[in-house]
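> Sequence:
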Amino acid sequence: MSQETKKISFVLPVIVIAALALAVGGFFLFHDKMPPEVIVSPDHGPVGAATTFTLKMSDPGSGLKSAEAVIRQNQKSIVLFSEQFAGAPGNIEKQFSIPEKGMQDGPFTLEITVRDASFSNLGKGGMSVFSRDFLKDSEPPRVMVQSLAHNINQGGITAIVYRLSEDVSRTGVVVKDILFPAHLQPDGRWFCLFAFPYFMEKDEFRPTIEAVDIAGNSARQSFSFFANPRRYRQDTINISDNFLSLKVPEFQRFFPEESDNLKVFLRVNSELRKQNLDELRVIGSQTASTALWSGEFLRMQNAAPMAGFGDLRSYIYQGRKIDEQRHLGIDLASVQHANVPAANNGTVVYAGYLGIYGNCVIVDHGLGLQSIYAHLNTINAAKGDQVNKGQILGQSGLTGMAGGDHLHYEVTLAGISVNPIEWWDKSWIENNIAGKFRGEK
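Residue numbers for the sequence shown follow UniProt numbering, beginning at 1 and rising by one.
A portion of the hints provided could be inaccurate.
[As the list claims (entries may be wrong)] Simulated pairs of lysine-lysine, DSS-like, Cα-Cα distance not exceeding 27 Å:
hint: 1; residue 1: K389; residue 2: K426
hint: 2; residue 1: K76; residue 2: K56
hint: 3; residue 1: K56; residue 2: K136
hint: 4; residue 1: K101; residue 2: K136
hint: 5; residue 1: K94; residue 2: K76
Treat the hints as calculated values from the structure; they're not laboratory data.
Using the sequences and the hints, build the whole thing.
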């Protein structure tokens, strides 16, 4: 074969491949009849400067070329952005917002034009236009408090009732960085249980009502209250080697890398405890929007109190303090494997093993209020069960971080532990909760 023939035989396939590539590319560039896909969220409703819009654009054929967003209001146009895309990407997601100034409250049109990189439309590319009417709202909601006295004990609960001037996306009482959600009632009132957390000092406790409307405008409203501080009992828990030998095997699976019983105990008492408390916050959000309970809560009968709410426990091992933790419920001891009744009507939102709580049942009573029955030997309820006051949930035991057979009874609000004793008091419930719910306090 001559040198010239070899050259032709080499060049010809290259030319064919190049021609095919051009043909394929040209097919997509000139014959891409599908315009870009454009999705905008939110796509309706009142919006404000705090609203974050999300724009999703895609064109898997020829790729994206450009995008422009314009606001039109009262014969005035405002360009939010106008961008050219290098490299014709197939997908782009972009976030934007409307300006705080330069627009009036009221209706406006948002128009977004997206072009692809094809040569259709005489080289201008395929085009999609999103055009939708919105309402600009920069006015925060107005809060009108209706309840009167808001007396609250440290570690305890009270209620507040209020109305709002408009629909909202979020509202409740904020205590530092904790939101206690309010619940809308059929008559248009918002009813909110909130706590003076056990871990907070009186000068830190400054509850305010927060309301955020659909457009993202936020209002904060203070209200009158009287907070009663309290002092918690100091307690000492002696940890023996026998106790460690009894309890550590139950928790070894959580820290398999630890071989020392004391180290396992300390990690359970701190790390696993914190993890369980975080889980209670999540479970605490699973609540009914109205009160499911009726009257005062039941106390386990014929049971002696062994530890109180808020006790500050010092753990002593071989004569030295090794840890310190707050006890967040009331320990009640009766006979071994005593029946454990539901304190009030509600819905079971958890039934199973929960770390330091062992086998436990959690009952939701509505409005963020829940009760916990821990260290059970057996569980007689399942998640989703509707239970009545006095119904047996299980039998007492020593599962979890329990040194002997007893019931650990705990009450939480939005997953924050609160003093259970208040809910055993019929007159306290009437004066601080039920009367306000009826609009009489």
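> Would you mind marking each hint as holding or not holding in the structure?
So, going through the hints one by one against the coordinates:
1. K389 - K426: 15 Å, holds
2. K76 - K56: 26 Å, holds
3. K56 - K136: With a Cα-Cα distance of about 22 Å, the restraint between K56 and K136 holds, given a limit of 27 Å.
4. K101 - K136: 11 Å, holds
5. K94 - K76: 24 Å, holds
When each numbered hint is compared with the structure, no violation occurs for any of them.
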